[in-house]
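Please build the complete structure, drawing on both the sequences and the hints.
The chain contents come next:
Protein chains: 2
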Amino acid sequence: MNLLLLPPGTSDGAVTLSDSQAGHLRSVLGVAPGDTVRVGVIDGPMGTGTVVHLDATTPQVVLQCQFDTTIPDAPRVDLLLALPRPKVMKRLWAQLAALGVGRIMLTNAEKVERPYFDTHVLEESVYRPLLLEGLQQARDTRVPLVTVHRQFRKLVEDELDGLSNARTRLLADPGAHPSPATALREHAAGRVLLAVGPDGGWNDFERGLLIGQGFGPISMGTRTLRTDTACVALLALVHDAVTRPGA
Amino acid sequence: MNLLLLPPGTSDGAVTLSDSQAGHLRSVLGVAPGDTVRVGVIDGPMGTGTVVHLDATTPQVVLQCQFDTTIPDAPRVDLLLALPRPKVMKRLWAQLAALGVGRIMLTNAEKVERPYFDTHVLEESVYRPLLLEGLQQARDTRVPLVTVHRQFRKLVEDELDGLSNARTRLLADPGAHPSPATALREHAAGRVLLAVGPDGGWNDFERGLLIGQGFGPISMGTRTLRTDTACVALLALVHDAVTRPGA
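Residue numbers (the numbering used here), protein chains in the order written: chain A, 370 to 616; chain B, 370 to 616.
It is possible that part of the hints are untrue.
No distinction is drawn between identical chains; accordingly, a pair holds when it is met within one copy or between any pair of copies.
[As the list claims (entries may be wrong)] The list that follows gives simulated cross-link-like pairs (lysine to aspartate or glutamate, DMTMM-like), each with its CA atoms no further than 25 Å apart:
{"hint": "1", "residue 1": "480", "residue 2": "404"}
{"hint": "2", "residue 1": "459", "residue 2": "502"}
{"hint": "3", "residue 1": "459", "residue 2": "404"}
{"hint": "4", "residue 1": "456", "residue 2": "412"}
{"hint": "5", "residue 1": "480", "residue 2": "568"}
{"hint": "6", "residue 1": "480", "residue 2": "502"}
{"hint": "7", "residue 1": "523", "residue 2": "442"}
{"hint": "8", "residue 1": "459", "residue 2": "568"}
{"hint": "9", "residue 1": "456", "residue 2": "502"}
{"hint": "10", "residue 1": "459", "residue 2": "479"}
{"hint": "11", "residue 1": "480", "residue 2": "528"}
{"hint": "12", "residue 1": "459", "residue 2": "487"}
{"hint": "13", "residue 1": "523", "residue 2": "479"}
{"hint": "14", "residue 1": "480", "residue 2": "542"}
{"hint": "15", "residue 1": "459", "residue 2": "542"}
{"hint": "16", "residue 1": "456", "residue 2": "568"}
{"hint": "17", "residue 1": "480", "residue 2": "424"}
{"hint": "18", "residue 1": "459", "residue 2": "412"}
{"hint": "19", "residue 1": "456", "residue 2": "479"}
{"hint": "20", "residue 1": "523", "residue 2": "568"}
{"hint": "21", "residue 1": "459", "residue 2": "526"}
Worth flagging that the hints you see were computed from the coordinates, not collected in a lab.
Here it is in structure tokens:
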């Protein structure tokens, strides 16, 4: 944990930590009074917390917090992802939050199996702690917005414009397409919406629908990767390209 | 599976598949006589296999194989990785093979826990099938070479030159360093050796030793990632940079 995330609305002043966070500061970081730790407010500013009190008999830790006046921008990439199998999705939550995504739209597709939608991995009580874990790892406060879409066509044709303000839309598709960096060379400033298909790929209808809605195909070369590896690799490449425009 | 890997030394002609590979062709791909599948010889050429016989009473499948005259080059990136915990390492094997690495050197470091070296995840009988799984996913035949090093200093000072012929050495290190693409702008042609540290980072001694042996620090920006996420992200960025030199 590289950042201690505190509840939304926390403001400057003394904060008494929950048992699990206090335990982490004590047993993993081994803090003493006077030590400072990086803190952040969920969906709010980052700042510094100074340990002012360690209770000898309870796990209690009190931090005196001071927060920045600005809130970090949401990451510049949104993700449209064909829902992977639950075991893979469970692992991806923290990774996606750590890599940085503004919004995660999980969608159906022909090659997504229906039972995937009925898993507890899509319950907010399960994924939110995993997203926060990723943010604390990567030092960010902005929790990715998450929506789940069982109707691919409705999502792409009717809902997408309202969900993501990214002007550049990219579609990961194996084949002889430009790399993310090449595709993004002309799009320095804006946000990017990246679509990643299921392990078996989008079908022709799905691919056509996405291209019809302005998604430009990209690829990472000749190697075909599994969804989870592809997601991480593509997000790294897209972030790199939007961070270094014109490179 | 996008490529069916056959034992080393397989040559043109009829090949009778093992039960598990025959089962995959029958039940997952549903092949019929006359169908063709992509095949490859482990550490050898790729080619095409035509289904010539499906036995009705046994799982047996016979392919008539024809292989290319050339063998794919080894991937242009080698990896020096501080051994992550066994659960993470187990997941990484297939991902690393799929992304493409010529050699994987797993090393000790201050922040690597000693018991990690005693796990079955480092036994060839465990990791080789996972490497082959990654190669079959990404359509490559070249199995990454794997070595395990309990002595970091001996590895870096005495053994590294003999293990990796990569002329460019990069050290992933959080901080204000150039991106992989920037660092590699001058190094179009050669192979790259990438060093990725443990979750807690290299210590100063380790970092100094690597820099003394020609490793140039790179970073992916301000977000700190876990080892497994960082490995996948960095390999994607380095492959992209060596594939598109000067970009």
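We went through each hint and held it up to the structure:
Taking the shortest Cα distances, residue 480 and residue 404 sit within 25 Å of each other only across copies (22 Å), while inside one copy they are farther apart (52 Å). Proximity of residue 459 and residue 502 under a CA criterion of 25 Å is satisfied in both settings, with 12 Å inside one chain copy and 21 Å between copies. Neither within a single protomer nor between protomers do residue 459 and residue 404 lie at most 25 Å apart by alpha-carbon distance, with minima of 34 Å and 37 Å respectively. Taking CA atoms no more than 25 Å apart as the test, residue 456 paired with residue 412 passes in neither setting, with 27 Å inside one copy and 31 Å between copies.
Proximity of residue 480 to residue 568 under the C-alpha cut-off of 25 Å is restricted to the intra-copy arrangement: shortest distance 8 Å within a copy versus 35 Å between copies. For the homomeric pair residue 480 and residue 502, the shortest alpha-carbon distance between copies (21 Å) is at most 25 Å, but the shortest distance inside one copy (30 Å) is not. Taking CA atoms no more than 25 Å apart as the test, residue 523 paired with residue 442 passes in neither setting, with 29 Å inside one copy and 45 Å between copies. For the homomeric pair residue 459 and residue 568, the shortest alpha-carbon distances inside one copy (16 Å) and between copies (20 Å) are both at most 25 Å.
Proximity of residue 456 and residue 502 under a CA criterion of 25 Å is satisfied in both settings, with 17 Å inside one chain copy and 18 Å between copies. For the identical chains of this complex, residue 459 and residue 479 are intra-copy neighbours only, at 21 Å inside a copy versus 30 Å across copies, given an alpha-carbon limit of 25 Å. Proximity of residue 480 to residue 528 under the C-alpha cut-off of 25 Å is restricted to the intra-copy arrangement: shortest distance 21 Å within a copy versus 47 Å between copies. In this homomeric assembly, residue 459 and residue 487 come within 25 Å of each other (Cα to Cα) only inside a single copy, at 13 Å, whereas the closest approach across copies is 28 Å.
In this assembly of identical chains, the alpha carbons of residue 523 and residue 479 lie at most 25 Å apart only when taken from the same copy (14 Å versus 52 Å across copies). Within a single copy, residue 480 and residue 542 get their C-alpha atoms as close as 15 Å, which meets the 25 Å cut-off; across copies the closest is 39 Å, which misses it. With identical chains, the CA atoms of residue 459 and residue 542 are at most 25 Å apart within one copy only, with a shortest distance of 23 Å there and 27 Å across copies. In this assembly of identical chains, the alpha carbons of residue 456 and residue 568 lie at most 25 Å apart whether taken from the same copy (14 Å) or from different copies (23 Å).
Proximity of residue 480 and residue 424 under a CA criterion of 25 Å is satisfied in neither setting, with 54 Å inside one chain copy and 30 Å between copies. In this homomeric assembly, residue 459 and residue 412 come within 25 Å of each other (Cα to Cα) only inside a single copy, at 22 Å, whereas the closest approach across copies is 34 Å. Taking the shortest alpha-carbon separations for residue 456 and residue 479, only the intra-copy value of 19 Å comes in at or below 25 Å, while the best inter-copy value is 32 Å. For the identical chains of this complex, residue 523 and residue 568 are intra-copy neighbours only, at 22 Å inside a copy versus 42 Å across copies, given an alpha-carbon limit of 25 Å.
For the identical chains of this complex, residue 459 and residue 526 are neighbours neither inside a copy (28 Å) nor across copies (40 Å), given an alpha-carbon limit of 25 Å.
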